[in-house]
Amino acid sequence: NAGVTQTPKFRVLKTGQSMTLLCAQDMNHEYMYWYRQDPGMGLRLIHYSVGEGTTAKGEVPDGYNVSRLKKQNFLLGLESAAPSQTSVYFCASSYWTGGYGYTFGSGTRLTVV
Amino acid sequence: DQQVKQNSPSLSVQEGRISILNCDYTNSMFDYFLWYKKYPAEGPTFLISISSIKDKNEDGRFTVFLNKSAKHLSLHIVPSQPGDSAVYFCAANNAGNMLTFGGGTRLMVKP
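Protein sequences, first through last, are from chains P and B. The numbering used here applies: residue 2 is where the first sequence begins, and numbers increase by one. The numbering used here applies: residue 2 is where the second sequence begins, and numbers increase by one.
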């Protein structure tokens, strides 16, 4: 019963370093999303994908890139990390949102120093 | 410009009493509203939803009320239990399949 798996769970980066967060789902969902959670700001959408090979910008896309080469995987990249990207990142997937919402991963806590 | 707002960052309730969590929205095009529950170090999990054509949906101890004229929804938990202590996010859906989340309310249920 894996659902949505995120790796890594924790990471500390130095300013200017790059990294990739991996999200994998085993539910054959078409839609996948990357959110960041910051205190008092709730969950804000970074990028999303409506199917394999597609990506689109969300509410706060600057400083991030994504790729969906395989239906089950959605990668979030930080090319040059900044302290403002210190956050908890959540990946989610769904068939559709009409009443059942998303299945979330357990999150990646990223600190940029 | 937050389209979904939860104005109370925290709420403390005694075990057995009612918990009422509130959410306001500005976009009249939202057609579905959802509540998610989040424990520390875990991802949010879906709790209950309501369509914009309804004004109430009930699931066990959880009831969501929607007041479209006021653009307001609320989640009632009766009776509240210590295991309900978590952060609750209100979310709204538009036809584009994107969820917009509120800032969350931390509920603490005291034994």
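Treat the hints with care, as some may be off.
List of simulated lysine-lysine pairs, DSSO-like, C-alpha gap at most 27 Å [claimed, not checked]:
| hint | chain 1 | residue 1 | chain 2 | residue 2 |
| --- | --- | --- | --- | --- |
| 1 | B | Lys55 | B | Lys38 |
| 2 | B | Lys55 | P | Lys58 |
| 3 | B | Lys111 | B | Lys55 |
| 4 | B | Lys38 | P | Lys58 |
| 5 | P | Lys71 | P | Lys58 |
| 6 | B | Lys38 | P | Lys10 |
| 7 | P | Lys72 | P | Lys15 |
| 8 | P | Lys10 | P | Lys71 |
| 9 | B | Lys72 | B | Lys111 |
Using C-beta positions, here's what the derived DEER-type ranges look like [to be verified]:
| hint | chain 1 | residue 1 | chain 2 | residue 2 | range |
| --- | --- | --- | --- | --- | --- |
| 10 | B | Arg107 | P | Met20 | 24 to 32 Å |
| 11 | P | Lys58 | B | Asn68 | 26 to 34 Å |
| 12 | B | Asp32 | P | Asn29 | 18 to 26 Å |
| 13 | B | Lys57 | P | Gly78 | 39 to 47 Å |
| 14 | B | Ser75 | P | Lys15 | 16 to 24 Å |
| 15 | B | His73 | P | Arg110 | 29 to 37 Å |
Derived by calculation from the structure, the hints in this document are not laboratory data. By construction, the Cβ of each residue, glycine as well, lies at the ideal position given by its N, Cα and C atoms.
Taking the hints in turn, this is what the structure says about them:
As the CA atoms of Lys55/B and Lys38/B are separated by approximately 22 Å, the hinted pair is consistent with the 27 Å bound. With a CA separation close to 31 Å, the supplied pair Lys55/B and Lys58/P exceeds the 27 Å bound. Proximity of Lys111/B to Lys55/B is assessed by CA-CA distance (about 32 Å); at most 27 Å being required, the pair is judged violated. Only pairs whose Cα atoms come within 27 Å are accepted, and Lys38/B paired with Lys58/P is accepted, the gap being roughly 26 Å.
The suggested pairing of Lys71/P with Lys58/P holds, with an alpha-carbon distance near 18 Å, which does not exceed 27 Å. For a cut-off of 27 Å, the pair hint linking Lys38/B to Lys10/P stands: about 20 Å separates their Cα positions. Distance restraint check for Lys72/P and Lys15/P: the Cα-Cα separation of roughly 31 Å exceeds the 27 Å cut-off, and the hinted pair is therefore not satisfied. Proposed proximity of Lys10/P and Lys71/P is supported: the alpha carbons are some 22 Å apart, at most 27 Å.
Distance hint between Lys72/B and Lys111/B is unfulfilled; the C-alpha atoms sit about 30 Å from each other, more than 27 Å. At about 30 Å, the beta-carbon gap between Arg107/B and Met20/P stays in the expected band of 24 to 32 Å. About 33 Å separates the C-beta atoms of Lys58/P and Asn68/B, a value consistent with the hinted range of 26 to 34 Å. Between Asp32/B and Asn29/P the beta carbons are some 25 Å apart, a value that agrees with the proposed interval 18 to 26 Å.
Distance hint check: the CB atoms of Lys57/B and Gly78/P are about 44 Å apart, consistent with the given range 39 to 47 Å. Between Ser75/B and Lys15/P the beta carbon distance is about 45 Å. The supplied range of 16 to 24 Å is therefore violated. In this structure the hint that His73/B and Arg110/P lie 29 to 37 Å apart at CB holds, the actual value being about 33 Å.
The structure does not agree with the numbered hints 2, 3, 7, 9 and 14 stated previously, though it agrees with the rest.
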